[in-house]
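There are 4 protein chains.
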Amino acid sequence: MKAIVVGGSGYTGGELLRILARHPRVEKITTTSRTYEGEPVTKTHPNLEGVCEIMYEKYREGVDAELAFLALPHGQSMDYVPGLLENGVKVVDMSADYRLADENLYEKYYVKHRNPELLGKAVYGLPEINRGKIKKAELVANPGCYSSAAILSILPMKKYPGQVDKTKIVVDAKSGTSGAGAKPTHLLQHANVEGNMIPYKVTGHRHEPEINHILGEYIHGVRVSFTPQLVPIVRGILSCAHIFCDAQGLDLKAHYRKYYGGEKFVRVVETATVKDVAYSNYCNISVHQDPNETRVVVVSAIDNLIKGAAGQAVQNMNLMMGWDESTSVDDLPYNP
Amino acid sequence: MKAIVVGGSGYTGGELLRILARHPRVEKITTTSRTYEGEPVTKTHPNLEGVCEIMYEKYREGVDAELAFLALPHGQSMDYVPGLLENGVKVVDMSADYRLADENLYEKYYVKHRNPELLGKAVYGLPEINRGKIKKAELVANPGCYSSAAILSILPMKKYPGQVDKTKIVVDAKSGTSGAGAKPTHLLQHANVEGNMIPYKVTGHRHEPEINHILGEYIHGVRVSFTPQLVPIVRGILSCAHIFCDAQGLDLKAHYRKYYGGEKFVRVVETATVKDVAYSNYCNISVHQDPNETRVVVVSAIDNLIKGAAGQAVQNMNLMMGWDESTSVDDLPYNP
Amino acid sequence: MKAIVVGGSGYTGGELLRILARHPRVEKITTTSRTYEGEPVTKTHPNLEGVCEIMYEKYREGVDAELAFLALPHGQSMDYVPGLLENGVKVVDMSADYRLADENLYEKYYVKHRNPELLGKAVYGLPEINRGKIKKAELVANPGCYSSAAILSILPMKKYPGQVDKTKIVVDAKSGTSGAGAKPTHLLQHANVEGNMIPYKVTGHRHEPEINHILGEYIHGVRVSFTPQLVPIVRGILSCAHIFCDAQGLDLKAHYRKYYGGEKFVRVVETATVKDVAYSNYCNISVHQDPNETRVVVVSAIDNLIKGAAGQAVQNMNLMMGWDESTSVDDLPYNP
Amino acid sequence: MKAIVVGGSGYTGGELLRILARHPRVEKITTTSRTYEGEPVTKTHPNLEGVCEIMYEKYREGVDAELAFLALPHGQSMDYVPGLLENGVKVVDMSADYRLADENLYEKYYVKHRNPELLGKAVYGLPEINRGKIKKAELVANPGCYSSAAILSILPMKKYPGQVDKTKIVVDAKSGTSGAGAKPTHLLQHANVEGNMIPYKVTGHRHEPEINHILGEYIHGVRVSFTPQLVPIVRGILSCAHIFCDAQGLDLKAHYRKYYGGEKFVRVVETATVKDVAYSNYCNISVHQDPNETRVVVVSAIDNLIKGAAGQAVQNMNLMMGWDESTSVDDLPYNP
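Residue numbers (this note's numbering), protein chains in the order written: chain Z, 1 to 336; chain V, 1 to 336; chain A, 1 to 336; chain F, 1 to 336.
Hints are supplied without guarantee of correctness; some may be wrong.
Here are the simulated DSSO-like pairs of lysine-lysine, each with C-alpha atoms no more than 30 Å apart in a straight line [stated by the list, open to error]: (1) V/Lys201 x Z/Lys253; (2) F/Lys43 x V/Lys253; (3) Z/Lys159 x V/Lys201; (4) Z/Lys264 x Z/Lys136; (5) A/Lys158 x F/Lys201; (6) V/Lys183 x A/Lys43; (7) Z/Lys121 x Z/Lys2; (8) A/Lys183 x A/Lys43; (9) Z/Lys90 x Z/Lys136; (10) A/Lys158 x A/Lys135; (11) V/Lys43 x A/Lys201; (12) A/Lys108 x F/Lys253; (13) F/Lys43 x F/Lys2; (14) F/Lys133 x F/Lys258; (15) F/Lys258 x A/Lys201; (16) A/Lys2 x A/Lys43; (17) F/Lys2 x F/Lys133; (18) V/Lys43 x F/Lys258; (19) Z/Lys201 x V/Lys158; (20) F/Lys201 x Z/Lys183; (21) Z/Lys133 x Z/Lys112; (22) A/Lys264 x F/Lys201.
Hints were generated in silico from the structure; no laboratory data involved. None of these values were measured; they are calculated from a predicted model.
Excised from the complex, chain Z in its bound form:
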């Protein structure tokens, strides 16, 4: 099978190339970059030295691939998707362009959509909720990193619509700096981040409507308040969902264990930490019930570039192609 990574020079593109280079079913990989056209991918991803030594190409219509990963900025993917689909190329889009089925919502947080008619065709690529649909999809919208962590942590509470205070869920999430992309900025300077913690878009982050839009299908009327922070690690998100809930008599930990019992990539553990998932496709979840306070805290941890981006994208490709879901994304995290 042949795959293309459109926009391979960023961190997500690099992780896609790393995973695809080891994928036993992917025979040929091509990748594109405007900035690095004609240069080897090892120029931007020196970790691939001796392993994936293809060159960045210019994007051309009529790509020789069965499936395309679009690792492009929000607002750009939508210019590539219609042509690819017309040519029978399946698409996994890493941007937000097809995540929100509601055109108005998308335009409120992003830009004007140039092919809103495709919104209904796209499947939100979180296998734990949409596995069946993904298998049949031509166009998968890969979830945002924060959204993946937040949705997986709150979703099982759909069983208790009466007990949960749905409009007062707080998600306080912390991300490593790789989540902000490869472009150098003052904010992301080592000297600025090391020894620091930096809240940003404290209210109004774009993943908030995404979380609410997707969760709302399962928990009607849910309103999650989302606050992100930058912390001095490279990879990983730790997300705390604070859920006010009449949890008397409930064993929520057992419920979560059961809920995710069949999921290979979701592990319900005693305490979710970043290290136990970093560099892997796992999402670890821990459930902390506070009987006195009538609050439940659900902590979730993922690697923002793997379960939060490239790993999940390949997981989606595996499903779309009818392969074992974990092919080439079953690497283990490390200790220490």
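Start from chain Z and add chains V, A and F according to the hints.
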């Protein structure tokens, strides 16, 4: 003036020695340690080489000091306080032993109190709320690090008792590893913390009752839910108070600026970060109003060992002695 | 094939378990620990949750395994090796007990050797120099982490015995904290290491005689001076070999490229950095010639727990068993 | 006294402002920046909020100051110095423009010099070697950060010209990222530096001729080989000078202690580490003699922005003005 630091070998003790060594009104410092008796303080605090070269002594009744800092574990301070007070020595206690005026509450979260009659005599050492009482106090209970950050961030909301949902305030706080003390543990190993984020005591942390006990005097019936996390920095706390609040029409940023207008050590800024306060006695606060979501997020940042411990303790000493409150604790943070 | 990891609870043991759990030829793994007997390996290695869920056992004579990895402290392995070999179990020893063929040298730097007659039987497990011998070995002494990095960086200079000042080679090496083991100490506390660089055993480190002993077989009379430092990263060694050398007219970079041309795990690159090898079995090497100064600097980078320990051990096992050398140790490093 | 910081928006400029803001003899500070003209200094140095709230100005001839700090890139300072000196303004130049008395050497490593006649007038601003000259100087060339650490570590060996192999001294130095300046680059991205060690300019770094030029006045014919590396800390340099030396019978540690006995800012300690000097003007030095190897390793540690830049600059100003040398630069380092 003569001061003693009882228990000088830990991180808080070391910071007290560093600050006192530069204090123009403190003529003599002595310090004690069981483990390091007879050794120079530079053995545990090599930063003081050439500057503070006293030796650790054994604690003896009848200390030659006007004021004692007790940098001891919870449950131990209470054995030193009565004797010191009887001998006319003022006390700033860094432990939790005198923070909670309610004996039962203390015993629920700590151990049996051995001189509960002194609880009523102790003043909670947060100058921004108790400056007048501290000036006259014989016994000051220095606040917990998380508590300092959380209380300062929520307190000004007392102006709006009707608008705030008092029982659903979430404080999600992140601390550097110096907050966990100098004793080596697996949790605090560099290899375990670096690249990691680790939630702990997700519900039921001891600073939760402290926060509620103190804040409750100003916001009747308040119930803060508190969750701490360990992050890979050495110094600093970033605390996010998520407050559901009918904030329509309110300019809360302006309110906070005015409220803390006269406070030297509280700065209301655009975005509070750890770096802008680390190594200083400042508490930076930023206020983020979310009109749509009817939520206010108040972020506060302190250095856990300075405004969260030793700096605030010296600030309290300055007040108790009638000196300028900022003497020797007016060091500036660094960039970068 | 059945393998046993004796002493599985440390960092090296954990990495062995992680790699073996994915090894297609290893059907059964057992592991031992005195401290954790009867507990699941996930207690010490939570990254293995759901993947390697065996229990720590007590070590018993007559192990049911074809090959044993000894991940034990120096001085302990030698008590296990004779019995294992007698029972026909091949051994890869991670300790220093069989690295030095010279009994006196071993005893000068370590302890009295209790079976020195086996020293001559052991093969030093650096495949790049001993591949043939390792294939036939019953007992492989896995190299020290610093030694692996240093030897690989200097070895190709054996071609120029006349030009190199053999007695004035300086190796200045920096290691992450996982190299110091899993036992909590003050030195390894996060608060002590973060933002710090700490030289230790500045002269006289035990890997110095190991480096000279092994290199001496190829560069007669070599005397490397070795200085290690602890830096605030978890994984990785960066080693700079400063070699005074009459390098006029030589293209040493080309020589190194050719020398390591057939080696899968040694990559000669423009600039060797830790990130380009971390979490992998690669050793990256860069060669920096200084014509004016008649000095060559050869930089090498490895992951101390993989090419410097567990990865190289499995590479050795693969050779000893007649399998493809890279089986299960061909994971790629990450970017970023 | 009035001082001006020309080029105040970088890291060195910011540290100068921080130190000067607390200097009891400096009554007025002005600062310039092309990029930030008209903006408050707190825009680039938020740590100064509430403490130093001046605005960046445009540079104008005829500055109202007795002393000017030039925190400008190499090659730019030389355009400001002649005019300032003509107007009777003393100058401390942070760039390399006046560090090398030899015009040809400067031009080999930098650019064409536009007022080489001033080279002879400049004093190299390392108080430990030039205190007397600095007191009388109009123009002080503030040393490079690496140079300060290296020179102070090797200088006392001038006592043993016969024993030291002067042409084979290796200085292997590691710096935090603040040393590379405030401008965002890919190299300095947090995600690129964290968990990494990166050698750069492995041979031929510009501080090598500076070290040799200055040291050469004291150790005739010295040739130091210098290699720098970037490590994931913000502040600090650790420099290892590997000196081949017939040290039999010498007590070099005692010699260093005596040599620096009168120096307030040089501390000879058991083991020099970054943490024990960071955020201070101290240089810690440790001496490690290896009798067998006939090598001495001298480790030195400084804060690159303080003793390596702004702190030393103010130390020089204090000398030039006839004040106590340590005024406003006597802050202590921290533990932890």
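**Message:** Tell me the hint numbers this structure goes against, listed in increasing order.
**Reply:** none
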